[in-house]
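Chain by chain, the residues run as shown.
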Amino acid sequence: MIAAGINQQLVAAILKAYDLDRMKLTLKDLSPSEASQALQAKQAQALLVVMPISEKYLAMLGESFRATQS
Amino acid sequence: MTKLREASRTAVSAGAGAMFAAVAAGRLPRWLRVTVVFSLVVLACAAGLLGYRYISRPAVLTVATGSVDGDVTRLMSLVATRMAATNAPVQLRIIDKGTALDTANAFAAGETDLAVVRGDIGDLSAARSVVIMTYAVVLIAVPPGSSIESAEGLKAKTVA
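Those protein sequence lines, which keep their order, are chains A and B. Here this note's numbering is used: position 67 in the first sequence is 94, and no number is missing along the way. Here this note's numbering is used: position 18 in the second sequence is 915, and no number is missing along the way.
Hints may be right or wrong, so weigh each one.
[Said to hold, decoys possible] Straight line, CA to CA, 30 Å or less: simulated DSSO-like cross-link-like pairs of lysine-lysine: (1) A:K51 <-> B:K1054; (2) B:K1052 <-> A:K43; (3) B:K1052 <-> A:K69; (4) A:K55 <-> A:K43; (5) A:K69 <-> A:K51; (6) A:K69 <-> B:K1054; (7) A:K43 <-> A:K69; (8) A:K55 <-> B:K1054; (9) A:K51 <-> B:K1052; (10) B:K1052 <-> A:K55; (11) A:K83 <-> A:K51; (12) B:K1054 <-> A:K43; (13) B:K1054 <-> A:K83; (14) A:K83 <-> A:K69; (15) A:K69 <-> A:K55.
[Stated by the list, open to error] Here are the computed distance ranges between Cβ atoms for each label pair: (16) A:I80 <-> B:A1023: 27 to 35 Å; (17) B:S1043 <-> A:K83: 18 to 26 Å; (18) A:I80 <-> B:S1026: 16 to 24 Å; (19) B:G967 <-> A:E61: 17 to 25 Å; (20) A:A44 <-> B:M980: 36 to 44 Å; (21) B:L947 <-> A:G32: 46 to 54 Å; (22) A:E61 <-> B:S1026: 16 to 24 Å; (23) A:M87 <-> B:S1022: 27 to 35 Å; (24) A:K69 <-> B:P955: 54 to 62 Å; (25) A:Q67 <-> B:P955: 49 to 57 Å.
Quick caveat, the hints were computed from the structure, so don't treat them as lab data. Each residue gets a CB set at the ideal place from its N, CA and C atoms; glycine is no exception.
Excised from the complex, chain A in its bound form:
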């Protein structure tokens, strides 16, 4: 996940709400550029981000997934 320090409480709430603690989910604290590489290298299967729904940020997110396809 991006910026784990900031998102700690949020992630804890999500894990509790979806009961993800029992699902052996692994969380990795990575920077945006590292996250893209981790997805590309199949070291991570999903990306957790907290961002405004704006064109700019959606484009940034799309960019990190486009890298996985190339």
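Starting from the known structure of chain A, arrange chain B on it as the hints suggest.
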């Protein structure tokens, strides 16, 4: 030193008093009375102008900002510049703290008057919202073609 200061203060007061008494009694030559009255009017105008400027000066508030991409600082700087250009009664001084966490901590420590922060970071128990800049959402995104379609699909997976 203190005695000298007291003596000079007394002398100035006595001089000013004697001048007022002389002007009031009409014992000074006409040209001198006109000069004294004109000087007093100029002094009163200057004092009034200074007082007006002091009262009408803008209140400057400090704003802590910080984000990974620096967008928040850039945006708030534009707002501050615009407020300064329009002589708004409230003006902003932006303090870039680098990250959202440091921003929240600086605000919680009372270092700034305002902060652009996420509501769930740091100790904001005494904070009040002034403006909601944007709504952020939590996204768990998966690459195209992924087999993960729900929260259950995250079982034994790694989330970056």
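These are the hints, each one checked on the structure:
no., hint, verdict
1, A:K51 <-> B:K1054, "7 Å, holds"
2, B:K1052 <-> A:K43, "14 Å, holds"
3, B:K1052 <-> A:K69, "16 Å, holds"
4, A:K55 <-> A:K43, "17 Å, holds"
5, A:K69 <-> A:K51, "17 Å, holds"
6, A:K69 <-> B:K1054, "10 Å, holds"
7, A:K43 <-> A:K69, "26 Å, holds"
8, A:K55 <-> B:K1054, "11 Å, holds"
9, A:K51 <-> B:K1052, "6 Å, holds"
10, B:K1052 <-> A:K55, "15 Å, holds"
11, A:K83 <-> A:K51, "33 Å, violated"
12, B:K1054 <-> A:K43, "17 Å, holds"
13, B:K1054 <-> A:K83, "28 Å, holds"
14, A:K83 <-> A:K69, "25 Å, holds"
15, A:K69 <-> A:K55, "13 Å, holds"
16, A:I80 <-> B:A1023: 27 to 35 Å, "30 Å, holds"
17, B:S1043 <-> A:K83: 18 to 26 Å, "24 Å, holds"
18, A:I80 <-> B:S1026: 16 to 24 Å, "20 Å, holds"
19, B:G967 <-> A:E61: 17 to 25 Å, "19 Å, holds"
20, A:A44 <-> B:M980: 36 to 44 Å, "41 Å, holds"
21, B:L947 <-> A:G32: 46 to 54 Å, "50 Å, holds"
22, A:E61 <-> B:S1026: 16 to 24 Å, "33 Å, violated"
23, A:M87 <-> B:S1022: 27 to 35 Å, "32 Å, holds"
24, A:K69 <-> B:P955: 54 to 62 Å, "56 Å, holds"
25, A:Q67 <-> B:P955: 49 to 57 Å, "51 Å, holds"
Checked against the numbered hints above, the structure breaks hints 11 and 22 and satisfies the rest.
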